Amino acid sequence: MEITQASKSAAVRARLNHPVIDADGHILEFEPDFLDYLSQVGGTKVVQQYTAWCDRTAKKGYSWYEMSWQERRDRRAKRPSWWALPAKNTLDRATATLPKLLYERLDEIGLDFTILYPTVALFMVHIEDKELRRACCRAYNTLLADVFREYADRMTPVAIIPMHTPEEAIEELEYAVKALSMKAILIAGYVMRPIRAEAATETFWLDTYGLDSEYNYDPFWAKCVELGVAPTAHDVGRDWGSRQSISNFMYNHIGHFAAADEALCKSLFMGGITRRFPTLKFALLEGGVAWACSLYADLIGHWEKRNPKAVQNYNPANLDRNLLVDLFARYGGKMVEGKLDQAGRWGFGLDWQDHPDNAAMLDEWAPCQIERAEDIRDLFVPNFYFGCEADDPINAWAFNSRVNPFGARLKIILGSDIGHWDVPDMTEVIEEAYELVEKGLITEENFRDFVFTNPVTLHASMNPNFFKGTAVEKEVEKLLAEEVSKSEKVS
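Heads up: the sequence shown begins at 1 in the working numbering, then just goes up one per residue.
Simulated from the structure, these hints should not be mistaken for lab results.
Fair warning: there could be bad hints in the mix.
Stated by the list, open to error - Listed next, with one range per pair, are the computed distances between beta-carbon atoms:
| # | residue 1 | residue 2 | range |
| --- | --- | --- | --- |
| 1 | E66 | D239 | 30 to 36 Å |
| 2 | K486 | Q369 | 25 to 31 Å |
| 3 | Q244 | N358 | 34 to 40 Å |
Predicted, not measured: the structure shown is a model, and the values here were computed from it.
Glycine is no exception: its CB is placed at the ideal position from the N, C-alpha and C atoms.
With the sequences and hints as input, model every part of the structure.
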């Protein structure tokens with residue numbers, strides 16, 4: 001088959017004066033190859049455990065098709081994903097699996113460099129069995145390091161890092177970076193932990209590492225800084241919250257990446273991670289940026305109303321009881337006749353006094369050490385990056401400094417999502433992304449930030465050598481010098 005480079009995306013790339021870096025492409029795994037590596041890591045027993053896990057997972061999802069509608073209602077069986085991979089575009093299907101073919105097509109696709117994420121392996125970090133989980137992550141990382149080594153000038157895969165405990169995460173991180181020379185990582189966006197209380201109304205809770213975590217993950221964040229890697233997350237929110245339709249996969253899918261991204265981002269921020277690790281960068285992938293713009297503004301709005309000083313406006317001790325009774329007596333009429341002793345009682349058996357709280361718990365922003373609203377900007381905007389797909393018009397919101405508080409521009413990064421069903425043609429991704437410029441929704445400078453500056457600073461600010469030896473090395477060096485010059489002028 002002859003592969004042409006005459007695509008519209010290639011034409012867009014030819015007009016640009018900067019590289020295009022894809023911060024989130026996808027691999028479609030070739031399972032037989034993975035099983036060979038898994039056997040080397042854990043032996044036949046672990047391979048059998050893995051295939052059994054795959055069978056259970058598939059049966060759980062596809063048992064939906066064997067149920068009657070009444071059974072689906074009774075069990076609240078969620079409709080699973082279906083027809084989730086490219087099929088009609090057979091070339092793209094093969095491209096997502098074969099590194100050599102993808103490498104050959106990068107110019108046609110319009111990409112100078114791509115950072116590649118898993119598909120099936122996204123779920124390996126959530127395997128409950130510790131031995132199997134660790135073996136799968138180790139085998140997968142070793143496989144990717146071997147397979148992509150010869151294409152390192154234009155492609156790099158991420159190592160998958162299980163997060164069930166900080167120790168487990170640190171061990172796999174060190175192996176991936178030191179032994180396998182991998183330089184990008186994917187962390188589990190959360191850990192589903194069982195609720196131990198017998199009377200619990202839920203079966204699990206989401207540990208998102210920053211707030212209310214089962215463990216102190218600071219040693220892991222410190223290790224990320226030490227090894228020069230930016231934690232990135234690409235998890236699903238499809239099976240929890242409101243996304244549990246028994247009939248409609250689209251209902252369950254829409255917004256689920258954003259839900260998972262927001263849960264992690266909010267936890268990291270409110271847990272004070274960016275305060276304690278100011279140089280650490282995070283990327284939340286495939287959820288777009290609308291949720292992030294909303295979260296950023298919401299954090300500021302909530303802090304302004306509920307910071308330690310402002311929250312005293314709602315302290316029951318500050319209620320003027322005498323004035324309240326007087327107003328009820330004068331304006332309450334028949335509604336309050338004979339009931340003035342209960343003035344302030346508002347329902348559900350709750351009294352106007354409410355429950356007094358421990359003074360140490362009144363500042364819910366304490367881990368962030370916020371003294372003014374601008375501190376939220378300074379702890380949020382530089383540290384978080386948001387993966388956006390090419391066809392999302394809301395990407396423009398990230399750059400809307402007239403709307404975002406304090407004139408902020410959130411750091412969005414292009415996630416091509418090649419390999420998945422929302423990209424029917426790999427050669428149209430860059431063309432679609434550039435339409436925001438053509439429609440006047442963003443500027444050429446904004447587009448440069450989206451596809452070049454932000455992907456570079458995400459990784460190179462952690463590891464200045466991230467792009468060393470790649471096809472974009474010289475352009476990255478020039479960009480980093482420009483960024484240093486800008487920061488010096490600001491300071």
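- prompt: Can you name, in rising order, the numbers of the hints this structure does not satisfy?
  reply: Violated hint: only 1; rest satisfied.
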